[in-house]
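For reference, the chains in residue letters:
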Amino acid sequence: MSQAAFQRVLGRLVTDRAFRARVQRGKLPAAGLSACEQRRLAALALAPGVGLTARLIDSFRLGKLLTLLPLTRALLGPVRFAREAEAYCVRTPPVSFYLADEALAFCDHLRIASAGAHLAEVVAYERAMIELKRPLVDGAVRTEQRVVFEHDPSVLLPLLARGERPRRVPRRRHVAIGFLGADGQVDWRIKASSSRAKPPQAAQPRSGRRLV
Amino acid sequence: MRSGSRPAVDTPTSVGRDLARLPALGIGLGYQAQLRDYIRSRRERFDFLEVVPDILWTDLGRGAEPRYRDIKQDVAFVRGVTETMPVIPHSIGLSIGSAHRYEYEHVQQMSRWFERLPFPWHSDHLAFHLTQGDPSEINLNLTMPVTFDWETLDLVAERVRDVQRRIPVPFLLENNVAYFEYGESAFDEASFLNALTKATGCGLLLDLHNLHTNARNLGVDPLAFLDRLELDRVVEIHVAGGLEFDGFYLDAHSGASPEPVWLLLEHALPRCANLCGVVFELFGSWFDELGPDGLDRQLGRMRALWAKYRAEPLAA
Numbered sequence: 001m002s003q004a005a006f007q008r009v010l011g012r013l014v015t016d017r018a019f020r021a022r023v024q025r026g027k028l029p030a031a032g033l034s035a036c037e038q039r040r041l042a043a044l045a046l047a048p049g050v051g052l053t054a055r056l057i058d059s060f061r062l063g064k065l066l067t068l069l070p071l072t073r074a075l076l077g078p079v080r081f082a083r084e085a086e087a088y089c090v091r092t093p094p095v096s097f098y099l100a101d102e103a104l105a106f107c108d109h110l111r112i113a114s115a116g117a118h119l120a121e122v123v124a125y126e127r128a129m130i131e132l133k134r135p136l137v138d139g140a141v142r143t144e145q146r147v148v149f150e151h152d153p154s155v156l157l158p159l160l161a162r163g164e165r166p167r168r169v170p171r172r173r174h175v176a177i178g179f180l181g182a183d184g185q186v187d188w189r190i191k192a193s194s195s196r197a198k199p200p201q202a203a204q205p206r207s208g209r210r211l212v
Numbered sequence: 001m002r003s004g005s006r007p008a009v010d011t012p013t014s015v016g017r018d019l020a021r022l023p024a025l026g027i028g029l030g031y032q033a034q035l036r037d038y039i040r041s042r043r044e045r046f047d048f049l050e051v052v053p054d055i056l057w058t059d060l061g062r063g064a065e066p067r068y069r070d071i072k073q074d075v076a077f078v079r080g081v082t083e084t085m086p087v088i089p090h091s092i093g094l095s096i097g098s099a100h101r102y103e104y105e106h107v108q109q110m111s112r113w114f115e116r117l118p119f120p121w122h123s124d125h126l127a128f129h130l131t132q133g134d135p136s137e138i139n140l141n142l143t144m145p146v147t148f149d150w151e152t153l154d155l156v157a158e159r160v161r162d163v164q165r166r167i168p169v170p171f172l173l174e175n176n177v178a179y180f181e182y183g184e185s186a187f188d189e190a191s192f193l194n195a196l197t198k199a200t201g202c203g204l205l206l207d208l209h210n211l212h213t214n215a216r217n218l219g220v221d222p223l224a225f226l227d228r229l230e231l232d233r234v235v236e237i238h239v240a241g242g243l244e245f246d247g248f249y250l251d252a253h254s255g256a257s258p259e260p261v262w263l264l265l266e267h268a269l270p271r272c273a274n275l276c277g278v279v280f281e282l283f284g285s286w287f288d289e290l291g292p293d294g295l296d297r298q299l300g301r302m303r304a305l306w307a308k309y310r311a312e313p314l315a316a
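Chains as they are written, first to last, in this note's numbering: chain A, 1 to 212; chain B, 1 to 316.
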């Protein structure tokens with residue numbers, strides 16, 4: 001299976017910048033590779049077209065994230081979003097062509113690796129939207145999605161949807177319950193708590209609303 | 001062939017090899033969701049629609065049952081189109097050149113698709129996008145070029161035969177775009193494709209924009225490539241546009257075809273005896289820039305060349 005080893009190393013050359021740099025310095029892991037394959041890979045590590053291919057892969061992945069996470073992108077701004085996406089790509093090799101898989105993994109990355117005003121609640125909301133819309137395997141039951149907001153989502157989310165950075169969003173805990181309607185659209189029921197310290201059942205629910 | 005030869009690999013059996021009996025469809029357009037209004041309103045501009053079937057379903061991954069779930073809106077649209085014109089599938093999911101495995105479940109899915117919406121031929125890319133990884137398999141999200149050597153020829157030929165056994169219409173492989181080359185190859189690309197078609201009887205999807213891109217970036221001589229290639233195996237041609245980026249020319253499907261691609265099309269059209277269609281590819285996100293009238297002009301120019309060089313098949 002020499003060829004499988006060759007493709008595995010080539011795959012790392014175009015998805016793992018640090019690895020490519022090591023190979024460029026002559027540190028090619030030779031296990032399982034024929035002499036010809038080792039020569040090919042050593043040359044490829046230096047080839048500008050391999051660097052370009054790596055950038056194309058990253059841009060394709062970034063495009064998927066931008067498509068499914070427009071509010072997170074609006075919140076972070078294009079520069080920080082791209083930086084976070086780059087950090088994510090470095091840590092997480094691509095595993096799927098599909099948008100939802102990539103976006104969910106990026107949400108998980110942001111949840112663990114990043115912080116900032118509104119970030120947790122906005123990422124949780126967009127993650128829930130993706131989970132609600134993605135197809136299920138047979139036998140799986142689609143569960144409702146619960147998102148806790150520390151700021152009023154009826155102010156926060158429309159601002160982001162217009163591409164505006166949120167400022168002075170009222171701080172008040174809300175719990176949003178999302179479910180997939182028969183028409184394939186996601187609907188949300190929102191409950192605002194009367195106090196940040198109390199559980200979110202005190203305020204009047206607003207049901208059936210699409211938040212943005 | 002660049003270097004030593006050996007006895008030919010298995011000769012083709014009988015499934016789906018008779019390219020001469022395929023219908024000549026004419027001018028095709030690659031489906032993108034952003035083109036739906038255009039497809040609805042300007043159907044007279046093209047004769048068939050080509051669809052990447054992988055975008056009509058969601059792949060839930062190996063082991064999921066069922067693995068592939070239809071995206072209802074897209075499937076309904078394409079099904080509607082089949083009532084007025086042929087729809088040809090052009091897959092990206094096989095990863096037929098991956099050494100560790102290829103997506104046989106994709107073949108099974110295409111077989112189911114054939115039962116639902118029969119097609120006269122189908123195609124994928126001579127490439128790989130799946131590799132082993134740590135801890136899990138990697139999907140590179142890009143069609144990577146295969147090495148042109150005997151090991152790859154044996155590997156891909158066996159898989160082509162798998163596809164042919166499973167789906168009883170001709171299967172085509174597309175010449176890939178590449179931004180780098182492998183050294184010490186046993187074949188040049190055209191010779192490799194010739195050996196593959198000889199071994200399996202498969203057809204070719206000749207992507208002239210890929211060829212042009214490889215000419216720009218790698219110095220491939222496109223006319224020499226076409227002169228070496230056995231053009232009677234070509235069933236379908238792709239044309240598209242690209243863009244300059246950081247010292248490279250990208251196969252971006254981003255607009256009008258550049259003039260060298262039209263020249264290659266004029267060169268190829270009279271020489272491809274079994275050609276059935278020429279398809280224009282455009283990524284949907286670029287449609288606003290090209291515009292419906294710009295797309296009309298691309299398809300109109302393709303039709304004029306088709307009429308000039310392929311009048312008889314069209315009349316039939």
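The set of hints was computed from the structure by calculation and includes no laboratory data.
The structure presented is a predicted model; accordingly, all values stated were derived computationally and were not measured.
Check the hints yourself; a few may be wrong.
Unchecked claim - Pairwise CB distance ranges (calculated):
1) B:Asp221 with A:Val141: 52 to 60 Å
2) A:Arg25 with B:Arg43: 51 to 59 Å
3) B:Asp134 with A:Ala100: 18 to 26 Å
4) A:Pro78 with B:Gly80: 44 to 52 Å
5) B:Gln73 with A:Val148: 27 to 35 Å
6) A:Gly49 with B:Asp134: 36 to 44 Å
7) A:Cys36 with B:Arg40: 49 to 57 Å
8) A:Glu150 with B:Arg166: 48 to 56 Å
9) B:Glu289 with A:Ala21: 12 to 20 Å
Said to hold, decoys possible - Some chain A residues near chain B, calculated using beta-carbon distances under 10 Å:
10) Ile57
11) Val90
12) Arg91
13) Ala113
14) Phe179
Every residue, glycine too, gets a C-beta built ideally from N, C-alpha and C.
Okay, the hints, checked on the actual structure:
1. B:Asp221 with A:Val141: 52 to 60 Å: For A:Val141 against B:Asp221, whose Cβ atoms are near 59 Å apart, the range 52 to 60 Å holds.
2. A:Arg25 with B:Arg43: 51 to 59 Å: Roughly 57 Å apart at Cβ, these two residues keep to the hinted range, so it holds.
3. B:Asp134 with A:Ala100: 18 to 26 Å: Check passed, 24 Å falls within 18 to 26 Å.
4. A:Pro78 with B:Gly80: 44 to 52 Å: Between A:Pro78 and B:Gly80, where Cβ atoms are some 38 Å apart, the hint is violated.
5. B:Gln73 with A:Val148: 27 to 35 Å: holds (32 Å)
6. A:Gly49 with B:Asp134: 36 to 44 Å: The hinted range 36 to 44 Å is violated for A:Gly49 and B:Asp134, with Cβ atoms some 25 Å apart.
7. A:Cys36 with B:Arg40: 49 to 57 Å: holds (53 Å)
8. A:Glu150 with B:Arg166: 48 to 56 Å: Hint holds: Cβ distance 54 Å, inside 48 to 56 Å.
9. B:Glu289 with A:Ala21: 12 to 20 Å: violated (36 Å)
10. Ile57: With a closest approach of 5 Å, the A:Ile57 hint holds.
11. Val90: violated (14 Å)
12. Arg91: violated (13 Å)
13. Ala113: violated (19 Å)
14. Phe179: violated (19 Å)
Comparing the model with each numbered hint stated earlier shows that hints 4, 6, 9, 11, 12, 13 and 14 do not hold.
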